[in-house]
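Protein chains: 2
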Amino acid sequence: MTSVSEQLDGTAAPSSAALGDVRLDTAGLHASVSDPTLTAMTLLNDIAGRHPDAVSFAAGRPYEGFYEIAALGDHLAAFERHLVDELGLGPEAVRRTFFQYGRTKGLIHHLISRHLANDERLAVDPESVLVTTGCQEAMVLVLRALRRDDRDVVLAAYPSYVGFLGAARLVDMPVRPVAEGPGGIDLADLAEQIRRARAEGLRPRACYVVPDFANPSGVSMSEADRRGLLELAAREDVLVLEDNPYSMFHGGEGRLPTLKSLDTGHRVVYFGSFAKTAFAGARVGYVVADQPMTGGGLFADELAKLKSMLTLNTSTVAQAVVGGFLLRNECSVERATVREAQVYRDNLRTVLTGLRGHFGEDGPLRGSGVSWNQPAGGMFVVVTLPFRADDALLEYSAERFGVLWTPMHHFYAGDGGSHQIRLSFSVLSAELIDVGLGRLAALVADRA
Amino acid sequence: MTSVSEQLDGTAAPSSAALGDVRLDTAGLHASVSDPTLTAMTLLNDIAGRHPDAVSFAAGRPYEGFYEIAALGDHLAAFERHLVDELGLGPEAVRRTFFQYGRTKGLIHHLISRHLANDERLAVDPESVLVTTGCQEAMVLVLRALRRDDRDVVLAAYPSYVGFLGAARLVDMPVRPVAEGPGGIDLADLAEQIRRARAEGLRPRACYVVPDFANPSGVSMSEADRRGLLELAAREDVLVLEDNPYSMFHGGEGRLPTLKSLDTGHRVVYFGSFAKTAFAGARVGYVVADQPMTGGGLFADELAKLKSMLTLNTSTVAQAVVGGFLLRNECSVERATVREAQVYRDNLRTVLTGLRGHFGEDGPLRGSGVSWNQPAGGMFVVVTLPFRADDALLEYSAERFGVLWTPMHHFYAGDGGSHQIRLSFSVLSAELIDVGLGRLAALVADRA
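Protein chains in written order, with my numbering: chain P, 1 to 448; chain L, 1 to 448.
Warning: the hint list may mix true and false statements.
Said to hold, decoys possible - Chain P regions said to be covered by chain L (calculated; three or more residues, Cβ under 8 Å):
no., region
1, 24-36
2, 73-82
3, 217-227
4, 254-260
To be verified - Computed, partial: chain L to chain P, Cβ under 8 Å:
no., residue
5, G20
6, G28
7, H30
8, S32
9, L72
10, Q136
11, E137
12, G166
13, G265
14, P292
15, E302
16, L306
17, M309
18, T311
19, F401
Honestly, the hints are just simulated from the structure, not real lab data.
Note that beta-carbon positions come from the ideal geometry of N, C-alpha and C, so glycine has one too.
Kindly produce the complete structure, drawing on both the sequences and the hints.
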């Protein structure tokens, strides 16, 4: 039986056999559906699904212990009051705001601007804020805008966030890897990769970084490197795509300035997320795109045009809930997430202490060749093992030892991370972390 | 001052002048930001914005008179009860459902399946339903999947819905126009356009139609043509993309079967919207993609992979509200929208009666060369004028006569619709319709 997609040449009308049932083949669809990163994530989720009782250092979702369903109604009511009391809307306009198609750039841009002023000391014109269906949509929009033709490419520190790689895949934007060290992106390698891309006739448009507690590596950039990156980007005339989902969850020693707050030349496009602060299910994020357009307006306005073809406005009810969340916390996300931040801080300490206990100088497995990094905050620690940590080992680890983690090699385009694993600790209790690390130690003892 | 996008060749490192402020140019961005359709819509919105007191036959948004903000809380509560009572979730699982990242394919797929059984007599496996961030995202996903390389094209009846054209633009999918008659898509022309595309070495993947009360033309396909389209699609081995936002709003004589309900070979990909039934701001829609994949699973699963790179899950709180809306109406959207349907039906009659009164055999402007179509339902009527109806005339109409409408030529790729206007009557009262038609008659008298 022939079918829509089996017609690989596609130029001749099919025979009457085609009158039967449609059957599609992934080979006939856009290559992104067969993307190795996605396939890998499906496989990892499968392994996790088959071992529901394992301790999971794999789940990257936020801590959920403080969520209350009743808060949703309170947030909605707070946003409604804001529309009436602060914005002066009448009953019909309020109703229209909740129910109708709305402003493509969003309803809570002004509240996001207040939050950035409060929490990041960032002065942002609300008109430069585009509220999006999660930060994921914002990344797709920016990459779609920057991918004009086959010559456009972006750069990203590797290992890299899979959501960024997926967004790039969707718009056929090639991502050129840049090395990452313990202090984040390697600026010398960035300059070299830009040079190489240009030598190949390509147009490097932007470089993607997560300067604070990156996913998956947990590393942060120094303030000197932040300034160095901005200087390099200006010299090479590329944009900087700054993604900041984790800066609220610092280790207690305060935070470094965001790239955007150091940006004096509209060099930085800033991605913001509420997934780890308000809640992930809302799917509300944003991008600050204050770059002026030669014809007037801001880059945010061009992105809004693209958004009007992708999802129209971001869900009004989701924005109202997040808007209420901001309003009820005086537009300080840091204030709103004090308890979560403490959980992550405690868990980070528990993980680092536990690793030292098993594999450190006085631990039973000292000298086994296990090492780990020391993130100053965030949700992730990377452990280097003395043996290959691939999907087969993960399956073995889950089956035999009841502990899940993420093989780091999935976050690299080609080679890299073959002996490394990511430990995510955001949803675990101290007790489960200790149990899980004990199981990890047993795996190491078994394999070493 | 040079800038990121002014480097049009992009291969040489810029001079130190680039250290200044970033300035972007639309010429350096993806062509979709300069799409003529979008530019036109911006212009039309500008004209409308400058004439807030004009009677507007331009706004395509749903009637808002029956919306109540208090219903949002009731919907959320109904969905929460459903999770507990029908699905048997415990408190933690309920909380996780509301707040965490969720199933990419959606939370309310089973309720949508019930709605389709109740309202469309469609038996749909919930696993073939992908809940999306409005129907707009569903169109982008399907077109993204079908656009494998430069040879893939889709066909669409013209005049065509601008959201579909915009979605195609975003993924660089060319749309080949097919003629539309008073009974919808012209099947002979469809066959001819498929033949021509193949002769050019292209791969026609699918044909997009709105069989019931199309936007912008208001026309519907006969049952015979629906069957004919399915036979043609099977013979030519293309998919049919059926978009059905308006079928609830029939004129009272009942409805014809959807293409999907006549589809015995998984030939139809069915787009559903809640924008005109629950509410537009929610941004909840869906696609039924039950096509089997050769490697197992359904087309819906492949689309979900793409969605995981675009917006992840559809907003949980938006889905919960729409889920509650369905549950509180026994999963019948027809039942939920009885009042709205009556408004649209009455307004359609008022418009047709009014047009007859002004321009019909006994009207004062009889013989002026004005004609109009007779949609059996929906939200739109198309009027043909004896003179060119372009954006300049719209500006004149707004300025001099205080009445807004949409020039039809914007819904055509190239030529077409130059003397036609779309009248949308969904948000008007009978009184305003009469006032507006009087003003339209004055415009005709002025220009004829």
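Status of the hints after comparison with the structure:
1. 24-36: Holds: 10 residues of the region 24-36 of chain P have a Cβ under 8 Å from chain L.
2. 73-82: holds (count 3)
3. 217-227: Contact hint for the region 217-227 of chain P vs chain L: violated, 0 residues under 8 Å.
4. 254-260: violated (count 0)
5. G20: At 6 Å from the nearest chain P Cβ, L/G20 passes the 8 Å test, so the hint holds.
6. G28: holds (6 Å)
7. H30: Result: holds, 5 Å to nearest chain P Cβ.
8. S32: holds (6 Å)
9. L72: holds (6 Å)
10. Q136: Since chain P brings a Cβ to about 6 Å from L/Q136, closer than 8 Å, the hint holds.
11. E137: holds (5 Å)
12. G166: OK, holds: L/G166 within 8 Å of chain P, min 3 Å.
13. G265: Since the shortest Cβ distance to chain P is 5 Å, the answer is holds.
14. P292: Hint holds; L/P292 Cβ to chain P Cβ min 5 Å, cut 8 Å.
15. E302: For L/E302, the interface hint holds, since the closest Cβ of chain P sits about 5 Å away, which is under 8 Å.
16. L306: holds (6 Å)
17. M309: holds (3 Å)
18. T311: holds (4 Å)
19. F401: violated (26 Å)
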